[in-house]
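Engineer: One-letter residues, chain by chain:
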Amino acid sequence: MSKILLHGTEAICEGAIRNGCRAFFGYPITPQNEVPEYMSVYMPKVGGVFVQAESEVAAINMVYGAGGAGVRAMTSSSSPGVSLKQEGISYIACARIPCVVVNIMRAGPGLGGILPAQGDYFQATKGGGHGDYHLIVLAPSSVQEACDFTYRAFDLSDKYRVPAMILADGMIGQLMEPVELPPMRPLSDIPKKDWATDGGYGEDRRVLNSLIIKPEELEPHVNELKKTYDLIAENEKLCEKYMTEDAEIILTAYGTVARICKSAANILRKQGIRAGVIRPITLYPFPSEAFSEAAETAEAFLSVELSLGQMIEDVRLAVNGKKPVYFYGRTGGNVMDEEEVVKAAKNALLKVRAGE
Amino acid sequence: MAKVFTKTKMLTDVHMHYCPGCTHGIVHRLVAESIEELGLQDKAIGIAPVGCAVFAYDYFNCDMQEAAHGRAPAVATGIKRCLPDRLVFVYQGDGDLASIGMAETVHAAARGEHITIIFINNSIYGMTGGQMAPTTLIGQKATTCQNGRDPAVNGYPIRVCELLATLDAPYYIERVSTQDVKHVLAAKKAIKKALRFQAEGRGYSFVEVLVSCPTNWHMKPVEALRFMAEETSRTFPLGVFRDKSEGREEK
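Chains P and H supply the protein sequences, listed in that same order.
So that you can map any letter, position 237 of the first sequence is 237 in the numbering used here, and since no number is skipped, the others follow by simple counting.
So that you can map any letter, position 163 of the second sequence is 163 in the numbering used here, and since no number is skipped, the others follow by simple counting.
Derived from the structure by calculation, the hints contain no laboratory data.
Using N, Cα and C, we set each Cβ at its ideal position, and we do this for glycine too.
There could be a bad hint or two in this list.
Selected chain H positions facing chain P (Cβ under 7 Å, derived; list incomplete) [as the list claims (entries may be wrong)]:
| id | residue |
| --- | --- |
| 1 | Leu-38 |
| 2 | Cys-62 |
| 3 | Glu-66 |
| 4 | Gly-78 |
| 5 | Ile-79 |
| 6 | Arg-81 |
| 7 | Ser-99 |
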């Protein structure tokens, strides 16, 4: 199949539509306005539903309703808007309604700025809203992956009845790259949902609910969620390893920053420093094993992020004290170049060799 | 022996948790009977609110979703847009609908979503123990306005029917009461009409039902009914505020 040139946000929409997404609810916020714009045009063309909601809060609750009715549903926003969705996401997680939430991250905190950032890692991977829960979090690093991961997110979310999130920085959202689109999947090919509230009476009636007021019932429900998260961790962890086998220093990053780190690793190799890259693709579940394995041979790790240091906490947990883990980050919507990473990697090696 | 009365099958056999003298249970029955009489039980999907009626999903004998506080009209929008041939009804109290959920309330109405909203107005937060509601009457006592609602401090009650009647899209808006048998029968008529309008594809329908809360009003049930008749319905006058089927746009 031939490739076409697509915008990151369009690739996300195509990935969704081609895997049976038939309901989209959104609210404008930069830098993801192209998602609701695209969906407003293309969702009706496939017989789907598009509603511009009155707020992000309403949008996520429309997803609750549509997803609960058995339809593949999605919403999209950017950091401040995703904060507003957290209440709804927590309810969705408890009621076990599959759906996909897209976060094209911008710089924060607060209203922050509209340029790329990765400051929502904690929010995305540790739950985000109240209570004990997780999302399946996928982090694309190219426009092709923005399409493919969104496609995949619907299957994962349906399979486990756990909401999925596409966590992309504003760079991925606003980039144009050649993409090979997956074929349009017929709706008849998507497994039926025997739990959906689509009109049932008496013995056939179903209830979707996140109120489980008896402690003797809520604890087993939450334990069941935990079992599901463990199963997801067993089956679905993904990461990309780049020249890690003989690496003395491992750079680690996700999304756009991973691409910068690969360039930095190439430069470091040319200068005689054996650098490698681990790129987590699923941020939850976190691909810890790749780090614990690399900790056997590498001297040091460097977590590179568009944040003050968030993923580094998971990297440290995975490395578990075997080797030092250093950090290099930029914030405010500024993106580092590969030379900055090269310098940070050299500093890290100097520090570890000096015993710091 | 001849059977002269049976409970509607649209209600489950579960014991309701409502306080003695509360008229929530009556409204549940009116909604359930109406759906059954319209023959729409196989198509019904209900949305329960947060508040006293939070357990409504245990009582209505059809598919139910429990929504976050105030978000029921958004949840209903999601369902109805995806399944336009189903009967989607929303059951919400005054705190849920007129306070935390006002944005969802107004926008679902402004979009003219083909849903039916049953709005229970008892002018108090019942489930949480009697705090001031957006509909609490001037002078009415609540645990967060213990000397009575003072407009200078707490503002004025919100009249939702009147507010929604400023919008173009709603098809049917009526306020009814449960203060006595006569009014309950009229309430049934309004609720059934609202659900029928939805089933006929006519548009958004909204019925506000005045309900008593003897527990948090600190009154005996009969006294509470009298209070509704004499006080509540003075701030919230009963009537039809919109009925496009009669070509009557405004009352």
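Engineer: Does each hint hold? Answer for all of them.
Structural biologist: A quick look at each hint next to the structure:
1. Leu-38: violated, 13 Å
2. Cys-62: holds, 5 Å
3. Glu-66: holds, 4 Å
4. Gly-78: Gly-78 (chain H) check passes; min Cβ-Cβ to chain P is 3 Å, inside 7 Å.
5. Ile-79: holds, 4 Å
6. Arg-81: Check passed: Cβ of Arg-81 (chain H) comes within 4 Å of chain P, closer than 7 Å.
7. Ser-99: Check failed: Cβ of Ser-99 (chain H) comes no nearer than 14 Å to chain P, outside 7 Å.
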